[in-house]
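The whole structure should be built from the sequences, with the hints applied where relevant.
Here's the letter readout for the chains.
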Amino acid sequence: MKDFEYFAPKTVEEALSLLSQHREEAKMIAGGQSMLVTMRQGLLAPENLIDIKGISALDYINFNEKEGLRIGALTTHRAIEKSPIIQKHYEVLSEMEVNLATIQTRNWGTIGGNLCHGDPAGDPAPVLITLNAMLKVNRVGQERIVAMENFSKDFLEVDLGPDEMLTEIQVPIPKPHTGCAHEKLMQMQGDSGIIGNAVSITLNPTNGVCEEARIVLSNVSSVPFRARKAESRLIGKVLNDDLLAEAGQAASEEPDPNSDMHATAEYRREMVKVFVRRTAKRALERAKRGLIS
Amino acid sequence: MKGEPRDLKLMVNGKFYELKVKPKALLSDVLRNNLKLTGTKRGCLESTCGVCTVILDGKAVRSCSILALQANGHAVTTVEGLADGDKLHPIQEAFINHGAIECGFCIPGRVMMAKALLDENPNPTREEVKLAMHGILCADVGYVKQIEAVEIAAEKMRGGE
Amino acid sequence: MAGKKQTKAKADKAAVILKKEEYSIIGKPFPRVDARAKVTGEAKYAADIEMPDMLWGKVKRSPHAHARILRIDTSKAEKLPGVMAVITGKDFGGFRWGWSRETRDEEPLATKKVRYLYEGVAAVAAIDEDIAEEACELIEVEYEPLPGVFDPFEGMKEGAPLVHEDRPGNICVEYHWNFGDVEKAFAESYLVREDNFQTPRMAKGYIEPPAIVAYWSGGNHLTVQAAKGSPYFPYRILANCFNLPLSNVRIVQPFIGCDFGGTKNDMVNGDFSAVMLAKKTGKPVKIVYTQFDELTVCLRRHPMWVTIKTGVTKDGRLKAIQTKVISDGGAYTRMSPLSNYLTGICMGMPYELPNFKTDIFCVFTNNPSSAAMRGHGIYHTRFAGDVQLDMIAEELGIDPVEIRLKNAIKNPEPGKIYETINKLTLATCGMEECLEKTAEAIDWKEYKKGKRVKGDKAYGMGFAAGGYLSGTKLSGHNACAAMVRICEDGSINLMTGATDVGQGSDSVMVAMAAEVLGIGLGDIDIKRVDTDHTPVDPGTYGSRVTVYAGEATINAAKDAKRQLLEVAAKEFGVKPDEIEIKDKKAFVRANPQMNMPWERLVRMACYTTPGMVIIGKGQSSQGISTYGLADFNKGIGNIGTNYSFTAQAQEVEVDLETGVVKCTDNSVIAHDCGFPLNPPAVDTQVVGGAYHPGVGAALYCEFNMDKGLTLNPNLVDYKLPRAYEAPMTKVIHVITNDPFGPFGAKEASEGSTCTAPPAVINAIHDATGVWIKDLPAKPEKVFWALKEKREKEKK
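Residue numbers (the working numbering), protein chains in the order written: chain A, 1 to 293; chain B, 1 to 161; chain C, 1 to 795.
Derived from the structure by calculation, the hints contain no laboratory data. Take these hints with a grain of salt, some might be off.
[To be verified] Straight-line Cα separation of at most 25 Å, PhoX-like style, residue types lysine-lysine; simulated pairs:
(1) 781(C) x 792(C)
(2) 87(B) x 44(C)
(3) 10(A) x 59(B)
(4) 87(B) x 2(A)
(5) 309(C) x 454(C)
(6) 2(B) x 79(C)
(7) 730(C) x 156(B)
(8) 773(C) x 787(C)
[Said to hold, decoys possible] Derived CB-CB ranges, DEER-like:
(9) 128(C) x 85(A): 44 to 52 Å
(10) 447(C) x 205(A): 45 to 53 Å
(11) 456(C) x 205(A): 26 to 34 Å
(12) 155(B) x 711(C): 41 to 49 Å
(13) 165(C) x 1(B): 47 to 55 Å
(14) 127(B) x 246(C): 41 to 49 Å
(15) 156(B) x 84(A): 38 to 46 Å
[What the hints assert, rightly or not] Far from chain A by the CB rule (all over 12 Å, computed), these chain C residues:
(16) 22
(17) 92
(18) 159
(19) 189
(20) 245
(21) 397
(22) 407
(23) 443
(24) 478
(25) 558
(26) 704
(27) 776
This structure is a prediction, so every number in the text was calculated from the model and none was measured. Positions of the beta carbon are idealized from the N, C-alpha and C atoms, including for glycine.
Shown next, in the form of structure tokens:
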């Protein structure tokens with residue numbers, strides 16, 4: 001690994017000030033679970049490293065009945081996994097975290113670090129998209145909100161300027177009778193999914209019609225992929241197994257996945273069919289229970 | 001200045017250390033090279049094998065994937081800090097007596113993972129033990145004895161047989 | 001019936017010396033002698049070793065899979081501050097080495113040509129790792145890339161580029177054996193099947209990468225501490241390479257993180273480089289391979305293409321087997337001759353086989369070299385054979401357990417021997433009992449009646465059986481020796497040449513010595529191998545250590561005991577053979593009132609003759625090869641001292657929609673290791689042997705290659721078996737008390753490697769009706785097979 005200039009800001013202000021100073025010449029490190037590997041391999045050699053792991057002010061999980069969930073960007077995956085608040089109100093987030101890599105990675109890696117890495121195979125992004133999450137991004141003296149759905153721009157590229165930092169993930173209270181679920185295709189526990197998906201379904205309480213559906217796929221495109229055609233198959237209808245299967249079929253036709261050593265594009269499409277159907281079914285069951293999750 | 005050594009204050013196995021390390025030094029490097037605690041192993045240096053696992057502030061982490069300076073002001077426990085003098089920790093005893101050790105290369109990381117698990121969750125399910133053991137690769141034991149050894153240690157620590 | 005000569009068993013030398021009910025230690029659980037050091041972090045492995053003034057070394061590697069080296073310029077690297085020495089292949093003066101004298105085709109660092117991607121061409125020693133790495137980048141090498149061959153079929157084609165100019169057709173080794181008359185037997189068979197199978201290119205799977213610390217002293221004394229399962233190889237090879245008498249070559253074993261054959265029981269570029277760099281700098285040099293190095297340049301298990309043709313009678317009795325085996329040997333010979341030999345030599349086990357023919361081709365390619373791996377050679381053809389046997393059973397409508405029982409070699413009566421068609425001799429064979437106990441343990445009678453499909457998952461049970469060599473016999477140095485030194489206070493130093501790489505041999509040797517001497521485990525201290533002091537032995541491979549080092553240890557303990565008994569005899573006024581030592585007390589058998597404590601007897605012995613040093617010496621007599629290279633080439637004669645037998649039943653769960661296959665906990669292995677010296681240790685070896693290299697091959701592990709480039713040189717993309725998916729396998733011990741093994745023991749660790757893959761594949765078939773013939777059975781492969789089957793059924 002090459003040497004670098006090292007900064008360890010203790011506050012957000014300090015961090016932002018350093019970013020505005022060094023901009024492209026600096027990289028931020030939080031948990032570093034992906035970053036350190038690339039640095040050791042010599043693929044990444046920043047002149048300046050801004051270590052934000054010590055900014056304890058960004059490590060929090062807050063919830064209130066009006067505004068919903070606020071997660072600090074430096075909250076670890078493990079904290080999200082184990083949080084009683086999240087297990088109660090946003091079960092799908094905890095469910096997703098259990099299958100994310102291994103315990104050691106989750107103990108140190110952060111949700112913010114994961115989202116900023118911009119890996120289309122990542123698990124949190126699709127779930128947060130189905131939950132209509134928003135991200136708070138700061139730079140010196142400024143703050144903006146960007147929808148999770150719009151955050152990923154390209155493979156490993158996110159909407160973050162060289163002087164900007166992700167500080168918070170905001171998840172609104174889901175509408176009543178909304179169910180969310182996440183699942184991915186793993187050969188071994190904790191694998192990066194060959195494909196993955198998160199599904200959110202909202203039902204009309206009086207007639208059980210599906211009012212809203214969000215289906216987001218991982219590892220089929222350069223960014224998390226929203227399968228809108230599949231969603232439209234569900235919206236406005238009373239859902240049954242056949243419709244869920246139709247949605248799966250539609251979803252499999254939308255993206256253009258890659259073939260790699262782990263799977264062909266064809267297999268990925270077939271698996272989208274299966275997983276969208278399975279995950280939508282679980283989301284539907286949760287929606288029917290009247291639980292917000 | 002790039003690469004200029006910085007102050008590192010670290011508690012390791014209950015002892016307080018003040019060192020000067022380069023920013024790029026990994027926690028595993030500092031433990032092994034500076035503090036001569038070679039119990040923690042280097043396996044893949046790619047955040048996958050887990051043999052470098054130590055406990056940081058009560059949580060099992062991969063020491064090869066943490067810059068030493070990120071542990072500044074924190075407490076680390078390595079395998080050398082598990083026994084109480086000559087008295088082995090119940091986890092260590094369980095691993096020995098249950099035949100869960102073969103070449104031993106994954107054992108330091110594995111027993112630290114087990115400790116982190118049992119300190120947080122004294123009565124884990126089989127599933128939880130498997131998930132914990134899943135974080136460290138072994139090449140020889142087949143995992144069965146190790147999973148059982150953790151369960152045996154858990155029972156002993158809860159006051160059982 | 002061919003293959004069934006019954007002859008008298010040769011007299012046992014190392015065999016059972018007491019009735020087993022009388023054993024104090026052997027046969028009961030005992031903890032490993034080195035467990036405490038490992039679990040406290042005290043145990044030092046090669047990468048943990050640090051010495052004053054130590055330098056770090058790094059190997060510079062070729063970016064081409066096949067190229068001529070035109071020019072190397074090390075001047076920039078030499079000038080980098082912190083660099084203490086730079087070497088190239090030329091520094092080794094044309095030295096070549098190989099696994100045997102006839103196959104010396106490899107250089108410490110390539111000089112004229114590189115033959116696989118990342119082959120070492122130069123090396124640097126510097127004051128730290130980073131500078132060494134930087135210096136490597138400053139070494140300028142000019143190459144002339146050459147066209148290469150990347151699979152054996154390409155390699156065998158007319159006009160293909162040659163990996164070694166003097167090896168036409170890129171043939172590394174070939175065997176053609178013919179026993180009986182397969183053509184006649186096929187003609188007479190009720191059913192003849194021919195099927196193709198493929199095994200994957202695999203990493204050894206150990207987590208500790210190769211590492212070495214080398215230093216010179218006193219002019220021409222070399223010391224090496226390295227992760228070596230067979231210290232003998234570096235001992236001889238380095239002596240040759242550096243022109244040293246063996247007396248000046250000291251190989252000291254640290255703790256070793258597994259071996260599994262090939263790489264750690266052999267040499268790598270880093271080994272030679274560390275030694276040469278240490279010579280040039282006059283300082284200790286350490287080279288530690290990274291996991292990337294391990295997964296790109298270190299030795300792999302051969303990928304093999306097996307065509308197997310089998311003829312059976314109407315009721316499923318084997319009449320003939322014919323195999324064609326093609327394997328990818330990679331760039332250098334290494335131990336490919338043995339790996340490929342083993343694919344055929346044990347085909348006459350575990351089933352009675354009257355006719356066998358095989359043609360085996362190992363081909364050079366510009367891939368990293370292939371070599372031994374746990375389950376060496378036998379696993380490839382046992383996989384093919386045992387899956388095909390299930391195919392045959394299905395066609396004939398015979399139960400898979402039944403067909404195996406029908407064909408299983410029966411356990412010879414005491415004093416008799418079973419001989420296979422190619423003259424392997426078995427004094428014991430617990431195959432039948434293993435099969436019966438396995439089937440009973442999973443309640444096969446009930447299971448097979450049950451439903452396979454439950455929702456979108458299917459469940460199935462697969463069986464497999466196999467035999468594995470124990471105490472491998474090869475030409476060349478096989479002998480094994482041990483020394484037992486009794487200290488004045490009654491404590492013991494035990495020295496053998498056997499290397500404990502984690503399999504527990506140190507503990508077993510201590511237990512055997514303690515059992516023979518009648519003392520406790522805690523009274524014996526076993527020294528780690530140090531060629532300055534311990535007897536030198538070929539090393540840990542071929543499941544030889546328990547058998548050979550065990551025999552040597554027992555003989556050494558007996559020798560020391562004899563010396564003590566002579567002293568006791570004088571004291572008691574009886575003959576030495578009238579005295580026994582047990583529980584640290586020597587007593588006259590017929591009159592136990594005449595006794596004395598162990599410590600007193602030792603003291604007496606040490607002081608009766610001034611300066612008497614009690615050293616017991618022992619050696620193994622079994623290891624001497626009974627045949628030479630000619631027989632090796634013909635495939636005749638005992639490759640092992642005795643043979644273990646294994647039966648396995650493994651259930652799988654198949655997700656019918658995705659193809660993901662998981663092993664369930666409904667998993668049993670019955671293993672005949674003759675006599676389990678330490679039952680829990682046998683369990684671990686059997687379970688580990690089945691899971692890591694066995695289930696690993698069946699479901700997870702495979703290198704993906706592209707023209708010599710490894711596409712998955714990391715542990716995320718190359719999947720090693722992990723804990724969450726591990727079946728909680730139960731092990732059943734089948735005891736046959738082999739007369740040729742110490743205390744009746746046979747190997748316990750590679751047999752299950754050969755049964756796991758066919759058991760899993762047969763289970764997938766039982767669950768779903770599909771046959772996966774090329775490993776690993778990854779989800780996508782299974783998915784398409786299931787889809788194809790569904791489509792066929794629609795028609």
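Here's how the hints hold up against the structure:
1. Only pairs whose Cα atoms come within 25 Å are accepted, and residue 781(C) paired with residue 792(C) is accepted, the gap being roughly 17 Å.
2. Only pairs whose Cα atoms come within 25 Å are accepted, and residue 87(B) paired with residue 44(C) is accepted, the gap being roughly 21 Å.
3. For a cut-off of 25 Å, the pair hint linking residue 10(A) to residue 59(B) stands: about 21 Å separates their Cα positions.
4. Of the supplied pair hints, the one linking residue 87(B) and residue 2(A) is violated, its CA atoms being roughly 43 Å apart against a limit of 25 Å.
5. Of the supplied pair hints, the one linking residue 309(C) and residue 454(C) is violated, its CA atoms being roughly 35 Å apart against a limit of 25 Å.
6. With a CA separation close to 22 Å, the supplied pair residue 2(B) and residue 79(C) stays within the 25 Å bound.
7. This hinted pair checks out: residue 730(C) and residue 156(B) have alpha carbons roughly 24 Å apart, not beyond 25 Å.
8. A distance of roughly 16 Å separates the Cα atoms of residue 773(C) and residue 787(C); the hinted pair therefore holds under the 25 Å criterion.
9. Distance hint check for residue 128(C) and residue 85(A): the Cβ-Cβ separation is about 47 Å, which falls inside the suggested range of 44 to 52 Å.
10. Checked against the hint of 45 to 53 Å, the pair residue 447(C) and residue 205(A) passes, with Cβ atoms roughly 48 Å apart.
11. One distance hint, 26 to 34 Å for the beta-carbon pair residue 456(C) and residue 205(A), holds here, with the actual separation near 31 Å.
12. Between residue 155(B) and residue 711(C) the Cβ separation comes to about 45 Å, which falls inside the hinted range of 41 to 49 Å.
13. The hint said 47 to 55 Å for the Cβ distance between residue 165(C) and residue 1(B), and at roughly 54 Å that hint holds.
14. Between residue 127(B) and residue 246(C) the beta carbons are some 55 Å apart, a value that contradicts the proposed interval 41 to 49 Å.
15. In this structure the hint that residue 156(B) and residue 84(A) lie 38 to 46 Å apart at CB is violated, the actual value being about 29 Å.
16. Residue 22(C), annotated as away from the interface, keeps every beta carbon of chain A farther than 12 Å; the closest lies near 48 Å.
17. Against the 12 Å criterion, residue 92(C) stays outside the reach of chain A, whose nearest CB is about 29 Å from its own CB.
18. At the 12 Å boundary, the C-beta of residue 159(C) stays outside the reach of chain A, the nearest C-beta of that chain being 31 Å off.
19. Look at residue 189(C): its CB is around 40 Å from the nearest CB on chain A, clear of 12 Å, so calling it non-interface holds up.
20. Every CB of chain A is more than 12 Å from the CB of residue 245(C) (nearest about 43 Å), matching its label as outside the interface.
21. Distance check on residue 397(C): its Cβ is at least 34 Å (rounded) from any Cβ of chain A, clearing the 12 Å threshold; non-interface status holds.
22. For residue 407(C), the shortest C-beta to C-beta distance to chain A comes to about 35 Å, beyond the 12 Å cut-off, and the non-interface label holds.
23. With a cut of 12 Å on Cβ distances, residue 443(C) stays outside the contact zone with chain A, its closest approach being about 29 Å.
24. Every CB of chain A lies more than 12 Å from the CB of residue 478(C), the least distance being 41 Å, so the non-interface label holds.
25. Every C-beta of chain A lies more than 12 Å from that of residue 558(C), the closest at about 50 Å, which supports listing it as non-interface.
26. Residue placement check: residue 704(C) does not keep its beta carbon more than 12 Å from all beta carbons of chain A (closest about 4 Å).
27. The beta carbon of residue 776(C) is not kept farther than 12 Å from every beta carbon of chain A, the shortest such distance being approximately 10 Å.
Of the hints listed earlier, those the structure fails to meet are numbers 4, 5, 14, 15, 26 and 27, in rising order.
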